[in-house]
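S.K.: The lines below spell out each chain.
Protein chains: 2
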Amino acid sequence: MRLADLPTPCLILDRDKLERNLAIMSAAVRRNGVALRPHMKTAKSAEVARLATSGEAGGIAVSTLAEAEYFAAAGFRDILYAVAMVPAKLDRAAALRSSGIDLKLVTDDPETAAAVAAHARATGSDHRVLVEVDCGEHRSGMDVASEALLAVGRALGRHCSGVMTHAGHSYDCRSLAEIEEVAETERATAVAAAERLRSIGLATPIVSVGSTPTALHARSLAGVTETRPGVYMFQDLFQTQIGSGTPESMAVTVLASVIGRRAAENRFLIDAGGMALSKDRSTASAPRDWGFGLVLDIRGERGFGDAMVERANQEHGIVGAPAPLPFERLAVGMRVRVAPNHVCMTAAQYDRYHVIAGGDSVVAVWERVNGW
Amino acid sequence: MRLADLPTPCLILDRDKLERNLAIMSAAVRRNGVALRPHMKTAKSAEVARLATSGEAGGIAVSTLAEAEYFAAAGFRDILYAVAMVPAKLDRAAALRSSGIDLKLVTDDPETAAAVAAHARATGSDHRVLVEVDCGEHRSGMDVASEALLAVGRALGRHCSGVMTHAGHSYDCRSLAEIEEVAETERATAVAAAERLRSIGLATPIVSVGSTPTALHARSLAGVTETRPGVYMFQDLFQTQIGSGTPESMAVTVLASVIGRRAAENRFLIDAGGMALSKDRSTASAPRDWGFGLVLDIRGERGFGDAMVERANQEHGIVGAPAPLPFERLAVGMRVRVAPNHVCMTAAQYDRYHVIAGGDSVVAVWERVNGW
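Those sequence lines, one after another, are chains A and B. Okay, so the first sequence: first residue is 16 according to the working numbering, each after it adds one. Okay, so the second sequence: first residue is 16 according to the working numbering, each after it adds one.
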């Protein structure tokens, strides 16, 4: 089957670009001498995870328990659930552990840490938990200098397996120098937290950091044991503007059909709207705002110049451009591809990838796991 | 099972509120003497469709062929696929028709109209098509005064079943008077288009209009045969600000757990982020901007004042408020509910509803159809 034969809208994954992106990250992480733990929150696919972990020993990270269960069923044994745990989810986590999965949890909360220890006593589950610290994103994680950090560590006791932090604010960087600085703060914060926990006698074998920009551009990861980037696998319009990749590295696009033409307004419509692209507007804060996505031709090239999805209703994408659009070749039914702002959100609207390699032949269909 | 026992995040549907919303729309449409064709793009659920069509004779509208197939399998026979057709989708449409579904299609394109007629000749499928006209939204649809309108009608010939229009720009109205004016333009445009097609001898039995604001507030629908509102069933933070409902009418919320607290910043975190709420920012253009959603207590009441999801990362919702948050009762694991900006987008992140009625008992689980 070829691209032009697929029902639209659907999600296209270019395996050649994926493999190049994986090789670039592998090399960057290896240079810093740490393990790569690919974060599967973006791809949510066992086939992608197999490629991303090939030759790597660092396991995977996931963003939901549904992902943990899916990847466990697909044979992955070393899984970090990298979102703060709540007590009500401990039974599901314990079920995974008792099936032989080395599932690691995350907390930044003394009461939750105590609840984990109590759950372990009550059920016999050998929970492993990383203490989350804040390296400047101010989303989640503890102050590395706080007394509470030690309180969480003490409450966890033998369940403490290390520390983790996430420099999500690397997405705000607009230069390599800024990313390097955030990466160094991320590293130093994680290492300092590990040292504090070790100073009170707690084992902290894992020192986990990571975001795509900092994993690619950290100058040193001394004291760190692993990094957890995710979006690097696919790249998107936002990442390629902040130094994580080039426009040619974008591996995932949405295949859509032209469903209407409005030549007088220099606009056309496609069957990829807010539902097919997501309503993510990441590039609104990037150097170049691409609306709800950049419109490419069926080959994935800039056949429409700077055309972008300017409005996104539920099933209608309204495409406009600064230059006149080529209405002479824009028949209803013509296929285009849309590069997403934020591929994690766009891919989540689909249950599968149509995989292309070496042109426009669809060589595989890979499933995704969505939901919770 | 009770709300507090459900895994989070998950989607909650209050059946009592749903039924009140349905009754209000039924009465409004009946007052205008037209048929109600509920648009199932919001609910995407056979159980909701059965309630919404109870006592109504107007069939349903859908936004994808996947919906059409799902509702056909659930026993619905009169289905309008209300997004512009493309030739490559005609085989799927024909398969539905040949299984006994009275599927109606939409086009505003002369070449597509010709392709429909050619497909009908080649396959024997008796396609029924509504000509889409533009009543001021400027998204899709033809100019009612254009020659092209008649060209589409002629190309369709005996496949022409009427006209349709959608006053999506009613969402821009901020007063009842404005909505009434848009509703009158919607009505007059559809009726004028039908009259032009009838003047060249084409049957146009269906004159279809509709959006939630105009369906509720139209003063007259003379000449119209049906209206197709959808979001009225559930309501949301946007609709309740533009006169479609009250805050108490919001029937769908996301149940979430507190996963972190940052008292020094007057913020807490929940496990409903961009993936669980969608990245829709509809209320950015409403009188009151609710970020990514209004945070309610587990009873669905304003127990946190004006708290809202200010930032939405993939699985982290960051909640802030203008007044001090009650950290003394905000334990990790505590349940809250989030009222969505735009319920069509939020509901689409889930494959089912947990239905409550008369309190916090979960009385049913209703599936949804997503994708294409």
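Keep in mind that the hints are not guaranteed to be accurate.
Unchecked claim - Derived DEER-like restraints, expressed as beta-carbon distance ranges:
1) 261(A) <-> 235(B): 39 to 45 Å
2) 34(B) <-> 238(A): 56 to 62 Å
3) 238(B) <-> 299(A): 40 to 46 Å
4) 314(A) <-> 16(B): 47 to 53 Å
5) 235(B) <-> 321(A): 29 to 35 Å
6) 321(A) <-> 344(B): 50 to 56 Å
Said to hold, decoys possible - Partial list, derived from the structure: chain B residues whose beta carbon lies under 7 Å from chain A:
7) 127
8) 129
9) 155
10) 169
11) 274
12) 294
13) 295
14) 348
15) 363
16) 382
17) 383
18) 387
If you are wondering where the hints come from, they were derived from the structure by calculation, not from laboratory data. Note that beta-carbon positions come from the ideal geometry of N, C-alpha and C, so glycine has one too.
S.K.: Work down the list of hints and note, for each, if the structure agrees.
M.R.: Here is what the structure says about each hint:
{"no.": "1", "hint": "261(A) <-> 235(B): 39 to 45 Å", "verdict": "violated, 58 Å"}
{"no.": "2", "hint": "34(B) <-> 238(A): 56 to 62 Å", "verdict": "holds, 60 Å"}
{"no.": "3", "hint": "238(B) <-> 299(A): 40 to 46 Å", "verdict": "holds, 42 Å"}
{"no.": "4", "hint": "314(A) <-> 16(B): 47 to 53 Å", "verdict": "holds, 51 Å"}
{"no.": "5", "hint": "235(B) <-> 321(A): 29 to 35 Å", "verdict": "violated, 45 Å"}
{"no.": "6", "hint": "321(A) <-> 344(B): 50 to 56 Å", "verdict": "holds, 51 Å"}
{"no.": "7", "hint": "127", "verdict": "holds, 5 Å"}
{"no.": "8", "hint": "129", "verdict": "violated, 11 Å"}
{"no.": "9", "hint": "155", "verdict": "holds, 5 Å"}
{"no.": "10", "hint": "169", "verdict": "violated, 17 Å"}
{"no.": "11", "hint": "274", "verdict": "holds, 4 Å"}
{"no.": "12", "hint": "294", "verdict": "holds, 4 Å"}
{"no.": "13", "hint": "295", "verdict": "holds, 4 Å"}
{"no.": "14", "hint": "348", "verdict": "holds, 4 Å"}
{"no.": "15", "hint": "363", "verdict": "holds, 6 Å"}
{"no.": "16", "hint": "382", "verdict": "violated, 13 Å"}
{"no.": "17", "hint": "383", "verdict": "violated, 11 Å"}
{"no.": "18", "hint": "387", "verdict": "holds, 6 Å"}
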